[in-house]
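Participant: If you want the building blocks of each chain, they are given just below.
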Amino acid sequence: MRRLCYTQTVKEPRAALARAPRTLAATSGESPRDVDVAIIGGGVNGTGVARDAAMRGLRVALFERNDLAFGASGNSSGMIHGGVRYLTYDPEVTEKSCRDSGHIQAIAPHLLFRIPFLMPVPRRRHARILAVLMDAFFAAYDRYQPLKRGKPHTRLTPEELRQLEPGIEGDIVAAMTFDEWGIDGGRLCAANALDAAERGAKVHVGVTVEQIERDADGAVTAVRYRDRHDGRGGRLTTHVVVNATGAWAPITASLGALAPVHARVRPGKGIHVVLDRRVSNYAVMAESIDRRAIFVEPWQNVSIIGTTDDDYYGDLDQVSATTEEVRYLVEGIARVLPSIRSARIIGTYAGVRPTLHAWGKLEDQLSREHEIIDHTAHGAPGLYSMIGGKLASYRLFAEEMTDILARRFSLSSRCTTHRSPLPGGEAEVSPFALAERIGVDAVAARRLVYRHGARAERIAERIARRPREALAVCTCEPVTEAEVRHVVRHEFARTVGDVARRTRLGLGPCGGVRCAARCGAIVAEERELAPGAGAHQALEFLRRQARTRVVGLGPEQAQQEALGIATVRAQLGIAHDEAGE
Amino acid sequence: MNARPRVVVIGAGAAGTAACYAAHAAGAEVVLFDGGPGATSLSTGAVDATPWEQRAAAAATLGLALVAEPLPAEVEAFVTALGCWQLVPAGGPPAWLATESGRLRSARGHDRALLSLAGLPHGARVVLPRVERAEWDADALARALAADPAARALGVALGAADADLLRLHGEERIPAADLAARHDDPERLAFLGARLERVVADERRRDRRVDALLLGPWLGSREARARELGERLGLCVGEVLGTLGGAPGLRLEAARARLLGPRVDLVPARVRSVARVDGELVVRPAASSRAGAGAPTRADAVVLATGGLAGGGIRYVAAEQDAPRGAPARARVPFALSLEAPVRLGVHGEDLDITSSTLGPSLDEVGWPTSAAPSLLESVGLRAGPHRELAPGIFGAGDALADRPRTLLGAVATGLEAGRAAAERRD
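These protein sequence lines are chains U and P, in that order.
Our numbering puts the first residue of the first sequence at 1, with every later residue one more than the last.
Our numbering puts the first residue of the second sequence at 1, with every later residue one more than the last.
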């Protein structure tokens with residue numbers, strides 16, 4: 001059974017976390033099941049519940065159809081923000097977001113980085129009054145800032161604004177600053193999944209649930225699943241199924257023979273444009289042609305332009321940005337930062353928000369609140385759907401869900417996910433000392449420590465045993481061979497694309513032309529696949545990434561694309577792959 | 001008019017070099033403008049006339065053995081004169097090159113330093129020395145190549161062996177082309193030879209067969225040093241097919257300099273424009289070019305061998321990219337020749353035209369080739385008439401031409417044709 005699908009668990013679960021004696025009062029009389037909870041969805045909500053439930057002693061299995069953070073979690077604006085956007089119509093969301101942003105800083109300090117925002121007020125009718133109102137608005141937001149160690153806002157003169165960000169143009173009467181925190185959503189999901197696994201959860205990546213089985217009374221009994229890589233399937237009995245599949249939620253509900261309308265979301269597509277470097281010191285807010293708030297932010301080692309919000313009914317596994325969406329964002333930012341037009345776009349990404357369903361509202365006004373649907377009401381006891389939510393409040397959402405599970409299983413243990421550090425958050429590691437020890441440059445070490453926190457030490461140990469693994473596979477990011485092997489072995493990565501989501505390998509200006517094949521070879525070796533499978537994965541990654549880049553093509557990147565295609569043709573063959581495999 | 005026609009060739013890649021060679025052979029006085037490295041300088045060392053994938057697919061469909069196709073005699077003669085490439089005989093098996101990405105691929109020919117596995121006896125064993133360089137995981141590469149169906153068909157086994165080929169601190173991290181340049185030094189090459197001798201001796205001591213040594217693209221930047229090494233060791237030594245921008249491109253540049261040095265007047269400058277003024281063609285270098293190179297040059301005929309999008313001869317400029325603030329973007333095509341000339345761009349047999357979108361054409365589908373069909377980024381180029389004539393007296397060659405497969409021998413063939421036609425043209 002264990003060999004049936006791709007499963008990773010840690011051989012020695014932490015001794016200190018030995019399970020409390022289980023009371024099965026709630027389920028007494030039921031037949032024994034393989035697990036207590038089967039969670040569907042490897043986004044931030046699914047992995048968050050997996051972690052919380054495993055910490056409270058439940059036996060957990062998590063199924064992810066594509067990859068951890070494949071959907072909205074890994075394709076957001078990359079902020080644990082306080083939800084300033086929601087302050088006027090959803091102030092509770094703002095408060096909860098700020099409070100939880102503080103908690104996430106405490107449990108994963110390595111993953112967060114400060115993003116100061118500038119918000120210029122362009123001259124128009126009543127602009128000065130608008131500036132006063134904004135000042136008051138941000139003063140209201142300041143009340144929540146201490147919850148997340150945020151700095152209070154300031155009001156700037158146009159001169160001060162230009163001093164901070166000289167590229168800003170236009171007739172501006174004032175500007176506000178406010179403070180937010182950035183995060184890598186992919187890393188956050190990986191950390192939660194890793195912690196859950198270390199506490200005994202089974203994490204299945206690339207494994208889709210095909211059916212949620214229910215008994216004659218409608219109660220959940222099992223899930224049937226299939227590994228999408230090798231086609232092998234299986235059945236796992238469970239007491240509870242948690243549908244944490246975000247925008248996929250109605251589809252997942254239908255796998256349990258529920259009407260999709262019982263787990264309804266309003267899917268809102270959002271795209272982001274990635275530039276080749278940090279083009280500004282501060283994040284800059286601007287307005288789109290239809291007066292939506294958009295921004296360009298320095299994020300990790302790139303800048304990101306975001307975002308759109310449009311109803312989406314296409315294939316959720318194939319969401320991608322379009323030319324129109326890219327141009328809409330770039331032209332909006334260019335009103336404030338004209339030089340953005342000549343910046344080099346090296347990629348785009350897209351995700352679909354699972355916002356709460358409402359008819360007749362504009363996308364931007366939809367609630368970012370979350371809710372848990374107990375499908376007992378629909379005749380399916382044991383099935384729950386997590387609907388809505390956002391990256392910043394994932395932990396709270398997971399806590400609420402796990403509280404329901406705790407009541408169901410009569411567990412006495414309380415939630416501690418806001419106090420126990422995520423993997424890597426236990427201690428601080430000096431990148432400079434690490435750089436010297438493992439023989440990589442300081443930038444590479446800094447990036448490694450950003451992604452893995454204290455767990456960077458484990459990668460350093462690998463390198464100490466095999467020094468050639470210190471060599472860079474991807475030089476754009478940079479990513480060492482040891483890190484690639486580490487994420488395949490310990491972080492559930494099964495493909496080149498999975499490695500990219502965890503390490504940002506291949507997401508730089510070269511688009512993976514230099515590293516995809518090498519990464520594929522390593523993945524194939526680690527997973528004991530035929531070398532051809534590694535090459536096939538590499539081509540699949542290159543093809544998929546090329547599609548995300550072409551919609552934002554500029555002169556330099558177009559030449560890079562043409563060179564990239566020539567390289568891949570020479571090295572691997574493009575048509576050859578399709579004919580041969 | 002001069003007794004000798006004056007031909008200006010723009011672009012010093014494979015096509016431009018061939019055009020110079022042909023124009024000189026046809027009696028012209030040749031001026032070559034070299035604006036810097038392009039796709040040829042970045043070439044990987046595989047030499048093809050038709051894309052290898054296309055030939056492999058055709059052979060598989062028809063159930064036929066893959067054979068090297070015949071080439072025009074003048075192409076073969078040019079390759080011989082150039083000296084840095086080696087072609088396989090027509091009608092025989094193709095060359096089989098090992099790529100750094102772990103595949104075996106066929107080729108019509110290759111840079112002389114590359115190892116073709118086709119030349120090895122059945123049952124041969126190829127050894128890859130272990131070297132601490134990022135692109136070179138000898139074990140993984142040997143495993144990947146050994147698993148390739150072509151390796152089994154050729155009856156070639158591959159394996160890795162311990163070696164100590166680097167000499168100086170930091171050589172693990174320098175670019176492969178720099179390492180290749182260090183092996184131009186005979187003393188350093190002797191060091192490499194001695195170290196490889198040890199590898200072979202170690203393997204044979206363990207009763208392991210060694211018929212060939214496969215190395216990274218490190219064997220010389222001015223000339224292929226593979227044969228010298230092979231003679232010293234008494235076996236085949238050669239490189240893998242590396243990624244773009246490696247040693248084969250440098251060796252090609254050196255071979256080009258040797259070939260064209262006595263034949264052309266070289267101007268190291270980019271060209272700004274080609275125009276017909278009072279019935280004469282005038283070629284103007286870019287203003288930023290070196291002093292002395294700025295004067296316009298008169299020509300009887302011009303060959304545009306400026307490369308495609310990859311080489312920089314065609315530029316992609318999205319319509320809104322340089323639009324003034326607030327102004328609507330122009331409804332123009334996003335591709336342009338990198339210099340001004342009275343020629344037309346086209347793709348798929350049609351002129352590139354004004355689009356009905358103020359932001360130019362939708363790009364969603366052009367990015368990556370689907371199946372065997374080339375992407376728009378590979379196909380866009382200059383539209384030519386008979387003899388590669390683009391406009392009266394202006395000829396096109398190589399990747400700059402529309403709808404041409406981007407192969408080296410394809411570029412050579414068009415270059416020879418354009419060069420000869422340019423030299424023979426009389427107004």
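A portion of the hints provided could be inaccurate.
Stretches of chain P that chain U covers, calculated by requiring three or more beta carbons in the stretch to come under 8 Å of a beta carbon on chain U [unchecked claim]: (1) 42 to 55; (2) 295 to 304.
Estimated spans, in silico, between C-beta atoms of each pair [stated by the list, open to error]: (3) P:Ala275 - U:Glu287: 43 to 53 Å; (4) U:Ser342 - P:Ala286: 41 to 51 Å; (5) U:Arg544 - P:Pro149: 22 to 32 Å.
Read the hints as simulated data drawn from the structure, not as lab findings.
Ideal Cβ positions, reconstructed from N, Cα and C, are used throughout, including at glycine.
Participant: Which numbered conditions among the earlier hints are violated in the structure presented, ordered from lowest to highest?
Facilitator: Hints 2 and 4 are the ones this structure does not satisfy, whereas the remaining hints hold.
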